[in-house]
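Asks: Listed here are the chains, written in short residue letters.
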Amino acid sequence: VRRLAPALLLLLVATVGADADDAADVNEECLACHADPDLSTTLGDGALQSLTVDPAAYAASKHARRRCTDCHPGFEEQPHPAWDTSSRPAYRATYHELCKRCHPQQHARAEDGVHFRLLAQGDQRAPFCTDCHGVHDIEAPDEPRSRISRTCGRCHTAVAAVYAESVHGRALLGSGDPDVPVCTDCHRPHDIADPSSRAWKLGTPDTCARCHGDPAVAARHGMSPNVIKTYLADFHGMTASLQRRQAGGAPGVATALCVDCHGIHDIVKVDAASSPVVRERLVQTCRKCHGDATDSFPAAWMSHYDPSFERSPLVAGVLFFYRLIIPYIVGGLLLQVGIHAWSLFLARRGSVA
Amino acid sequence: MSDFVRFTRRTRLQHGSVLLLFGVLSVTGFPQKLFPGAWTDAIVGLLGGIDRVRLLHRGAGFAFAALCVAHVAATLAELRRPGEVLTMAATRQDVVDALSSLRHELGDGPASRFDRFDYRQKFEYWGLLFGGLLMIGTGFVLLYPTVAARFLGGQLIPAAKAAHSNEGLMAFLVVIVWHMVHVILSPQVFPVDRAIFTGRISTDRMEHEHPLELARARGEDVPPAGPPATVRNLALAIVQSAMFAVVMPALGVVALGDRLWRGRKGARP
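Chains L and C, in that order, are what the protein sequence lines are. Everything in the first sequence is counted per the working numbering, starting at 2 for the first residue and increasing by one. Everything in the second sequence is counted per the working numbering, starting at -12 for the first residue and increasing by one.
Since the hints were derived computationally from the structure, they do not count as laboratory data. Even glycine gets a Cβ: it sits at the ideal position worked out from N, Cα and C. It is possible that some hints are incorrect.
[Said to hold, decoys possible] Derived SDA-like pairs: lysine to any residue, alpha-carbon spacing no greater than 25 angstroms straight-line: (1) L:Lys202 x C:Asp38; (2) L:Lys202 x C:Ala25; (3) L:Lys202 x L:Ser176; (4) L:Lys202 x L:His188; (5) L:Lys230 x C:Pro178; (6) L:Lys230 x C:Ala212; (7) L:Lys230 x C:Ala25; (8) C:Lys20 x C:Gln142; (9) C:Lys20 x L:Phe322; (10) L:Lys230 x C:Gly24; (11) L:Lys202 x C:Gln142; (12) C:Lys20 x L:Ile326; (13) L:Lys289 x C:Arg41; (14) C:Lys20 x L:Lys101; (15) L:Lys202 x C:Gly35; (16) C:Lys20 x L:Gly204; (17) L:Lys230 x L:Arg288; (18) C:Lys20 x L:Asp235; (19) L:Lys289 x L:Thr208; (20) L:Lys101 x L:Ala194; (21) L:Lys230 x C:Gln142; (22) L:Lys230 x C:Glu154.
[Claimed, not checked] Derived, one-sided and incomplete: chain L residues facing chain C with beta-carbon distance under 8 angstroms: (23) Pro82; (24) Asp293; (25) Ser304; (26) Leu320; (27) Leu345.
[Unchecked claim] Partial list, derived from the structure: chain C residues whose beta carbon lies under 7 angstroms from chain L: (28) Arg137; (29) Ile144; (30) Leu160.
Chain L on its own, in the form it takes in the complex (with noise of 0.2 angstroms):
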């Protein structure tokens, strides 16, 4: 075996290398034809689709060393394979199988998304694998991060200008910073969900904190590290974890999420002059559920901190109070009911001696 081993690893590398090598030689008989800036077809609806492949874009993308025919197998033969080209969702359903064979997970994934559930539909401006990645000039979609948030703003503009202008944008496309969220860390690569539905929207705590309720995240940024823990323990974060584990329960969501007072693509620093939960500006966001909110009424809310003496006197009063008052009491009558059993007890010895 000893003596096999340095044999094995120079097949290999061998392998590897004739593989390179191979690709270069079965890619440059295909671009042969394909480099033809003009070459095109038209599909059964009349759509003019180029066939054509930049080198170029090619040799610099992620793909530039597997074979054209890897994902085009059989293509090697002249004439090619019949493709699907009577029309132009025909022509994408075929391509989109092709990344199947090698990202079969990404590809399953893309499945639960709601994407590829309004092509499914007949929505063919829903993107799929191509839209995003691209078709021969894939290059890594996270590299770098910002890349994510700007491909999704090429359909989604309005959305991406408003992301843009926030706290997270401006962090995101100011300074790279990798902390804050692009899109698909919220909204998820593949598996998109329906962020209008229920399920999504009591999941919106769970997605902030995935940042906020990190304490490295928190210490770096100077954020409270306890904002997720004190919304939860809220009213209206009890509310949410509840109607969470409501199977079906009512399609409307009864209680205020963070996204209801922070905003969601457009959140800002809570400090800033248009934040919807600055101390100026909170009772018009208290309003807009509590419609009868005076300016008395924000004073309800402990703005994310625990109850103390400094912030909240009367809560962290009432929470003394009943650590004193719920021990001496239970206690006492435990103590009384205990002395009345002790005395049972020798009652009862007593009489059968």
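Starting from the known structure of chain L, arrange chain C on it as the hints suggest.
Replies: Chain C only, in chain L's frame:
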């Protein structure tokens, strides 16, 4: 052995209502206080979700508030009846009774002779009344937070939540360690004291548990079971009973300390 009529139908009905409502309020309240947990999920799931749980809790809360109003109104109406006395008023005598009762259980002195309600029952009654009123008040604050904030300030709302949650826990614990022990586990009544359900109690038990009331019923000369029912006495009774409810839990420590202290002194030559 002949039975003694102890409770009217109205009293039994009130107890039955409190029993039912306390049960509903506990079952629908604790999952909200103690979530998340497997059993809170199970209860919420069983009742059809948190929205249904809250509906039940609020319905039972309104019923409990109505019951309290009816009880207070009936008590006030009774003030006019000639010869009526405040049998539930806790006085200094109840502190004395509690201490001598505990001393007796610790092997020192005679047993206390109780009238219509003993000190344990008075503690429960006033605890339920004061605690109940607090639960109703804080419950309404939580149900109508914007109205409460308008008149009483915003911070009252989280304070009311803290009070409602902790008072509920305390009430539940008191019912378990005090009421349940006395009406279920106590050997005199095991498996359950049926007096509050049937309204009747054996004369034998009356002789042990309420000898003064029995003596009065037999025409013996016994002082009244409480102060005359006047508005002034009722106000005084409320204040005194509140003080009694605060002091009573400490009496076990007092009696035990006294017993140990005297035992030590007695042991000396």
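Asks: Next, verify each hint and record whether it holds.
Replies: Evaluated hints:
Distance restraint check for L:Lys202 and C:Asp38: the Cα-Cα separation of roughly 17 angstroms lies within the 25 angstroms cut-off, and the hinted pair is therefore satisfied. Proximity of L:Lys202 to C:Ala25 is assessed by CA-CA distance (about 23 angstroms); at most 25 angstroms being required, the pair is judged to hold. Between the alpha carbons of L:Lys202 and L:Ser176 the distance comes to roughly 30 angstroms, so the proposed pair goes past 25 angstroms and is violated. Between the alpha carbons of L:Lys202 and L:His188 the distance comes to roughly 11 angstroms, so the proposed pair stays at or under 25 angstroms and holds.
At most 25 angstroms may separate the alpha-carbon atoms for a hinted pair to count; L:Lys230 and C:Pro178 exceed this at roughly 45 angstroms. Annotation: proposed proximity of L:Lys230 to C:Ala212 is violated, straight-line Cα distance about 54 angstroms (limit 25 angstroms). Annotation: proposed proximity of L:Lys230 to C:Ala25 holds, straight-line Cα distance about 19 angstroms (limit 25 angstroms). Proximity of C:Lys20 to C:Gln142 is assessed by CA-CA distance (about 19 angstroms); at most 25 angstroms being required, the pair is judged to hold.
For the hint linking C:Lys20 to L:Phe322, the alpha-carbon distance of about 18 angstroms falls within 25 angstroms, and the restraint holds. For the suggested pair L:Lys230 and C:Gly24, the alpha carbons sit about 16 angstroms apart, so the restraint of at most 25 angstroms is met. In summary, the hint linking L:Lys202 to C:Gln142 is not supported, as the alpha carbons are separated by about 28 angstroms, beyond the 25 angstroms threshold. Between C:Lys20 and L:Ile326 the CA atoms are separated by roughly 18 angstroms; this keeps the pair inside 25 angstroms, and the hint holds.
A distance of roughly 22 angstroms separates the Cα atoms of L:Lys289 and C:Arg41; the hinted pair therefore holds under the 25 angstroms criterion. Distance hint between C:Lys20 and L:Lys101 is unfulfilled; the C-alpha atoms sit about 48 angstroms from each other, more than 25 angstroms. Pair hint L:Lys202 plus C:Gly35 holds up; C-alpha atoms about 20 angstroms apart against a cutoff of 25 angstroms. The hinted pair formed by C:Lys20 and L:Gly204 meets the criterion: a straight-line CA distance of about 21 angstroms does not exceed 25 angstroms.
Restraint check for L:Lys230 and L:Arg288: the C-alpha separation of about 24 angstroms stays at or below 25 angstroms, so the hint holds. Between the alpha carbons of C:Lys20 and L:Asp235 the distance comes to roughly 10 angstroms, so the proposed pair stays at or under 25 angstroms and holds. This hinted pair checks out: L:Lys289 and L:Thr208 have alpha carbons roughly 23 angstroms apart, not beyond 25 angstroms. The hinted pair formed by L:Lys101 and L:Ala194 meets the criterion: a straight-line CA distance of about 20 angstroms does not exceed 25 angstroms.
Distance check on the hinted pair: L:Lys230 and C:Gln142 sit about 19 angstroms apart at the alpha-carbon level, within 25 angstroms; holds. At most 25 angstroms may separate the alpha-carbon atoms for a hinted pair to count; L:Lys230 and C:Glu154 meet this at roughly 23 angstroms. With 8 angstroms as the threshold, the beta carbon of L:Pro82 stays out of range of chain C, its nearest partner Cβ sitting at about 55 angstroms, so the hint is violated. A hinted interface residue such as L:Asp293 counts as satisfied when its beta carbon comes closer than 8 angstroms to some beta carbon of chain C; here the least separation is about 5 angstroms, so the hint holds.
Because the beta carbon of L:Ser304 sits about 11 angstroms from the nearest beta carbon in chain C, more than 8 angstroms, this interface hint is broken. Taken as an interface hint, L:Leu320 checks out: its beta carbon lies about 5 angstroms from the nearest beta carbon of chain C, inside 8 angstroms. Taken as an interface hint, L:Leu345 checks out: its beta carbon lies about 6 angstroms from the nearest beta carbon of chain C, inside 8 angstroms. Nearest Cβ of chain L to the Cβ of C:Arg137: about 5 angstroms, under the 7 angstroms cut. The hint holds.
For C:Ile144, the suggested interface contact is upheld, since its CB lies about 4 angstroms from the closest CB of chain L, less than 7 angstroms. Evaluation of the C:Leu160 hint against chain L yields a held restraint, the C-beta minimum of about 5 angstroms falling below 7 angstroms.
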